[in-house]
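Peer 1: So the protein lines, in turn, are chains L and C. In terms of the working numbering, the first sequence has 295 at position 295, counting the first letter as 1, and numbering is strictly consecutive. In terms of the working numbering, the second sequence has 208 at position 208, counting the first letter as 1, and numbering is strictly consecutive.
FYI, nobody ran anything at the bench for these hints, they're computed from the structure. No residue lacks a Cβ here, since even glycine has one placed at the ideal position from N, Cα and C. Honestly, I wouldn't trust all of these hints.
To be verified - Simulated DEER-style distance windows between Cβ atoms: (1) L:A79 with C:R181: 37 to 43 Å; (2) C:A182 with L:P38: 27 to 33 Å; (3) L:A182 with C:T219: 57 to 63 Å; (4) L:K113 with C:A274: 48 to 54 Å.
To be verified - Taking beta-carbon pairs under 10 Å as the criterion, some of the chain C residues facing chain L (in silico): (5) E44; (6) L47; (7) D121; (8) E122; (9) A123; (10) A125; (11) D130; (12) F137; (13) P149; (14) R152; (15) L159; (16) A162; (17) Q177; (18) L194.
Claimed, not checked - Stretches of chain L that chain C covers, calculated by requiring three or more beta carbons in the stretch to come under 8 Å of a beta carbon on chain C: (19) 46-53; (20) 96-107; (21) 114-126; (22) 149-162.
2 protein chains.
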Amino acid sequence: MTADSLQIGRQGAPQAALMAALRDRAAEVETCLDSLLPLEAGLEARLIEAMRYAALGGGKRLRGFLVMEVAGLFKVAPACAARVAASVEMLHAYSLIHDDLPAMDDDDLRRGKPSTHRAFDEATAILAGDALQARAFEVLAEEDTHSDPAARCELVCALGLAAGARGMAGGQMIDMQAEGRALTLGEVSRLHALKTGRLIQYAAEAGAILGRAPWQVRTQIAAYGRDIGAAFQIADDVLDTVGTAEQIGKTAGKDQAAGKATVVSILGIARAEAQARMLCEQSKAHLDHFGPEADRLRALASWVVSRQS
Amino acid sequence: MTADSLQIGRQGAPQAALMAALRDRAAEVETCLDSLLPLEAGLEARLIEAMRYAALGGGKRLRGFLVMEVAGLFKVAPACAARVAASVEMLHAYSLIHDDLPAMDDDDLRRGKPSTHRAFDEATAILAGDALQARAFEVLAEEDTHSDPAARCELVCALGLAAGARGMAGGQMIDMQAEGRALTLGEVSRLHALKTGRLIQYAAEAGAILGRAPWQVRTQIAAYGRDIGAAFQIADDVLDTVGTAEQIGKTAGKDQAAGKATVVSILGIARAEAQARMLCEQSKAHLDHFGPEADRLRALASWVVSRQS
Chain L
1 MTADSLQIGR
11 QGAPQAALMA
21 ALRDRAAEVE
31 TCLDSLLPLE
41 AGLEARLIEA
51 MRYAALGGGK
61 RLRGFLVMEV
71 AGLFKVAPAC
81 AARVAASVEM
91 LHAYSLIHDD
101 LPAMDDDDLR
111 RGKPSTHRAF
121 DEATAILAGD
131 ALQARAFEVL
141 AEEDTHSDPA
151 ARCELVCALG
161 LAAGARGMAG
171 GQMIDMQAEG
181 RALTLGEVSR
191 LHALKTGRLI
201 QYAAEAGAIL
211 GRAPWQVRTQ
221 IAAYGRDIGA
231 AFQIADDVLD
241 TVGTAEQIGK
251 TAGKDQAAGK
261 ATVVSILGIA
271 RAEAQARMLC
281 EQSKAHLDHF
291 GPEADRLRAL
301 ASWVVSRQS
Chain C
1 MTADSLQIGR
11 QGAPQAALMA
21 ALRDRAAEVE
31 TCLDSLLPLE
41 AGLEARLIEA
51 MRYAALGGGK
61 RLRGFLVMEV
71 AGLFKVAPAC
81 AARVAASVEM
91 LHAYSLIHDD
101 LPAMDDDDLR
111 RGKPSTHRAF
121 DEATAILAGD
131 ALQARAFEVL
141 AEEDTHSDPA
151 ARCELVCALG
161 LAAGARGMAG
171 GQMIDMQAEG
181 RALTLGEVSR
191 LHALKTGRLI
201 QYAAEAGAIL
211 GRAPWQVRTQ
221 IAAYGRDIGA
231 AFQIADDVLD
241 TVGTAEQIGK
251 TAGKDQAAGK
261 ATVVSILGIA
271 RAEAQARMLC
281 EQSKAHLDHF
291 GPEADRLRAL
301 ASWVVSRQS
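Isolated chain L, as found in the complex (with noise of 0.2 Å):
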């Protein structure tokens, strides 16, 4: 065995341990959803139909891991932790269908399969958000996910604001402005930051607040979610600009026809390829503190920037 096959073979492993926890969690997060998405009889069946239509059955869960992992690292009950998982990934499934409505992104697909608009309405699709939005909040305020009032708050304060006017919403909002208008550099990374980012970011914070975690941790495990979500934005417009719609799972190159800016657009392939590099690099050093306990981390930061879908 030579020292090359050697190197490859010791960062295979944690890509290989990283794609199994990816699927357990994600399948943690799908059962935890279904729980909390119980159908109902009566009219209003179609829009919790819809509603389970976007939230289940599909993505990676990046957002519902991240949770999870960072909990992991305080020791939270993973219970309490598949909840808060479950819910902001309600948060994102609802970001998703309103990004997809024909006065928005107007996209026909989505995780492979036809956007919850196309499937059901557009009347449906805006309630559908509306509604998981709202169940998202009310989720992380109920007592069986955490025992502490005081941190169900501080988790309900943290997703307003990552989801809000200067948060997802807002980066959306600038989304909308910038087609067929030349953003700089400097105002489609905060385009992302604030569409994207703060979610991302949210997420790993979310793990830090169910355990309790003193400020300084927290900031850290947040600017660890904060680079990741940077890194992630630009491997997938790079996906966006390279990649198939089998891959992605949606309509491939949308920003280029639509004249968007993007990273991609500006810096060019390999300069953004580096860009996400250099963020997942910076991201780990963020868990310089953590041992082994963080290595699944470490590796997801590995992989959101070499991922392929």
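We have chain L; now place chain C onto it with these hints.
Peer 2: Leaving out everything else, chain C in the frame of chain L:
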């Protein structure tokens, strides 16, 4: 002075006091909303402008009034009650933005001015509603709202239930399916209980949660809110049938034109009005163990069914 004019005098005084209180509380809610939705620089400024356009400067503030009046029964600090009042008005404003969208009720007029998607555009309107909902939850969980985080969590849970699939959003889903389909009186009542009733009930209940009222008292306050909400909706249907756009600040006769069943179309105006008066009396009965300090809430019940706009 005759017995008759005395009678009118006795009825008139609480109504006049109520009108003054409604104006005062609305001004307090307005000030609080203004401070909770600060303008920002940056490309997302347009989103915050749209949020403020929809949330500020209009409406009867019935929900906010209920929060503040009920909280007053329990000597809650007005600044705390005003935050919860502002939060429920944000939630209400978001629901109006989304209800008015082309894919929903497609309404150009709201509170006597262009609806948000007409004043801005559809994408901005969807996002403004989304961000207002997030902010409504965030405000509830912030420390300034109540010193006890358990109370703040109860507020978040109650709002989540009132706003989500088993509340307001579920009611709107039923409403969308009701077009051109004959609903029974029971179905119409349930539609309204979900679509408007739950949030009005929540507003009353929120005042009791802020006041840490014993469970039994909280239940009675909630029942008052439920009945007043049902009466309000029937009165709204009557106004929609007989009122003008100028009176009601939105397009009149919409439900009729859309072939939607309402309590009025099923029962006729006279029986619908009788039903509203019955609910008004029933709502007051839930306040029986309160003294004169609840007189304004009693007057509110009467006003809700007698108002002309």
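Peer 1: Can you give the numbers of the hints that this structure goes against, from lowest to highest?
Peer 2: none
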